[in-house]
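Number of protein chains: 2
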Amino acid sequence: MEDKFAKALRQTADLMNTALSSHLPQSESLERQLHDAMRYAVLSGGKRLRAFLVIQCADLFDVSRDYSVRVAAALEILHTYSLIHDDLPCMDDDDLRRGLPTVHKKFDETIAVLTGDALQALAFEILADPATHPSGTIRASLVHKLATAAGSHGMVGGQTMDIYADAEDISLATITRLQQLKTGALIQYACEAGAILGHAAPAQITAIRAYAHDLGLAFQITDDILDAEGESEEMGKRVRKDADAGKATFVSLMGLEKAKIHAEMLSNQAIGHLSIFKDNADLLREAAVFTVKRKK
Amino acid sequence: MEDKFAKALRQTADLMNTALSSHLPQSESLERQLHDAMRYAVLSGGKRLRAFLVIQCADLFDVSRDYSVRVAAALEILHTYSLIHDDLPCMDDDDLRRGLPTVHKKFDETIAVLTGDALQALAFEILADPATHPSGTIRASLVHKLATAAGSHGMVGGQTMDIYADAEDISLATITRLQQLKTGALIQYACEAGAILGHAAPAQITAIRAYAHDLGLAFQITDDILDAEGESEEMGKRVRKDADAGKATFVSLMGLEKAKIHAEMLSNQAIGHLSIFKDNADLLREAAVFTVKRKK
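If you read the sequences in order, they're chains A and B.
Here the first sequence stands for residues 128 to 423, where the numbers follow my numbering.
Here the second sequence stands for residues 128 to 423, where the numbers follow my numbering.
Honestly, I wouldn't trust all of these hints.
If several chains are the same, the list does not tell them apart, and a pair holds so long as it fits within one copy or across any two.
DSBU-like, lysine-lysine: derived pairs with alpha carbons at most 30 Å apart [what the hints assert, rightly or not]:
hint, residue 1, residue 2
1, 232, 131
2, 405, 374
3, 374, 131
4, 423, 374
5, 131, 233
6, 233, 387
7, 385, 233
8, 423, 272
9, 405, 233
Source of the hints: derived by calculation from the structure; they are not laboratory data.
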């Protein structure tokens with residue numbers, strides 16, 4: 128039987144597919160290939176965990192879904208751009224994503240670069256649009272935080288470390304920082320965006336940040352565990368690529384068992400930070416459990 | 128002797144190099160290659176014409192340079208990202224830009240993709256920062272307009288048309304639309320950003336938009352003329368690449384002489400739109416003259 132969390136996550140994914148589709152361009156003109164690729168990449172599924180976090184954190188403060196779903200859409204769109212560029216031949220060179228051919232395989236490399244570029248711009252366009260929140264200050268703050276999380280001191284910085292760092296030089300401290308930038312920054316943003324939309328009090332923001340930090344790390348360690356243990360068919364993407372490439376991961380540095388214990392511990396710690404929200408945060412607690420229990 | 132306009136443009140370029148440098152990251156950590164490439168690309172010169180237009184249009188409304196220089200920096204940074212990605216092997220495959228090796232030649236393709244991605248994020252980060260303007264509504268509006276101008280219905284859309292349009296199918300109307308998206312949208316933004324910062328009246332915005340529209344087209348036609356006539360050494364980039372690639376350009380469609388007359392006419396028309404600003408717009412008038420008289 129589907130539990131409450133699984134149902135909520137599935138409902139979010141359905142909601143997001145409709146919302147995302149409304150934001151994506153569609154045309155019969157010469158840019159058609161670009162628009163087709165944008166739709167292909169964004170609408171090809173995915174857990175929508177980042178969208179779920181935005182919406183659930185915003186729900187803590189009774190933010191209108193009209194606003195939180197738009198922010199969630201912007202974040203999923205930005206996340207999709209990063210996947211498209213990460214999959215490029217000059218990056219991780221992946222053929223499969225979410226069980227489907229990657230954008231440069233389905234279309235070509237040129238379209239993959241342009242699609243990523245256009246999706247990044249679209250994410251900021253959505254956030255800055257007056258429909259996202261009546262307050263210009265809040266819209267600007269949402270843009271500023273996402274740009275910081277996505278840029279050279281965030282996601283792109285982490286991706287650079289990931290590609291250029293020599294496996295032998297990587298300590299547990301380094302990989303923690305790398306992953307905090309590469310995937311943690313956007314997960315942190317997902318949670319904080321809800322707090323920004325909801326004019327959260329400082330103690331609430333601190334709690335949400337701490338939750339997001341531990342959740343992000345637990346998420347990444349679990350990704351490394353799944354990459355080491357998973358089957359390509361089930362995962363919908365190539366597995367064991369980090370090990371094959373001789374890359375340092377949490378699993379290579381800690382060993383499988385310790386990595387599992389560490390992820391579990393972080394998940395519990397994340398849940399602990401939510402106590403000030405009482406019962407209202409139950410789905411966020413379940414998200415922390417899901418993060419380390421998921422099979423893909 | 129250096130004329131008033133040339134001096135003003137040079138002063139803007141000097142001012143911008145200082146401003147841009149302050150916005151760019153620098154580190155000794157594992158992301159160093161990314162940060163080095165960002166600095167290399169953004170600080171490698173260029174006319175800074177877009178920055179000049181932002182600052183001059185903002186000056187019409189006595190906007191503090193503290194604000195307009197930041198917007199100008201964001202725009203030059205976004206423009207630089209587009210050049211880096213346009214030069215990639217899977218796009219125009221260029222080795223030379225502003226007289227120097229392109230980013231993928233100087234560093235590598237991976238860094239070139241990541242550098243462009245990080246610069247796009249940085250442009251929006253600068254615009255949304257409270258230091259750019261005290262009003263959140265104005266900051267959000269600056270972000271929204273730039274994102275629209277840069278995205279799938281603007282610059283990236285134009286670049287897609289440029290790469291995928293069959294030369295035989297391109298009419299003068301099509302190439303005008305293509306260039307309006309590919310280069311016109313950012314030039315239009317440069318001028319409109321000044322008007323947004325300055326709370327311009329509707330009639331003033333209309334005048335600035337009309338000026339920017341004609342200027343942008345004159346700029347692109349002149350680019351095509353220079354590409355057909357210029358020497359690589361003088362231009363600091365590969366020339367006659369459009370003709371070599373069998374691409375439609377204003378020159379291939381209109382012929383060299385007609386293209387020159389058309390550019391001149393548009394430049395005069397652009398100047399005509401500025402009459403409501405009286406003497407205050409003299410440097411913008413000279414910019415329109417420069418746009419069609421420049422040698423690179």
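Going through the hints against the structure:
{"no.": "1", "hint": "232 with 131", "verdict": "neither (37 Å within a copy, 53 Å between copies)"}
{"no.": "2", "hint": "405 with 374", "verdict": "neither (41 Å within a copy, 64 Å between copies)"}
{"no.": "3", "hint": "374 with 131", "verdict": "neither (37 Å within a copy, 57 Å between copies)"}
{"no.": "4", "hint": "423 with 374", "verdict": "within (20 Å within a copy, 46 Å between copies)"}
{"no.": "5", "hint": "131 with 233", "verdict": "neither (36 Å within a copy, 53 Å between copies)"}
{"no.": "6", "hint": "233 with 387", "verdict": "neither (35 Å within a copy, 42 Å between copies)"}
{"no.": "7", "hint": "385 with 233", "verdict": "neither (39 Å within a copy, 42 Å between copies)"}
{"no.": "8", "hint": "423 with 272", "verdict": "within (28 Å within a copy, 38 Å between copies)"}
{"no.": "9", "hint": "405 with 233", "verdict": "neither (46 Å within a copy, 55 Å between copies)"}
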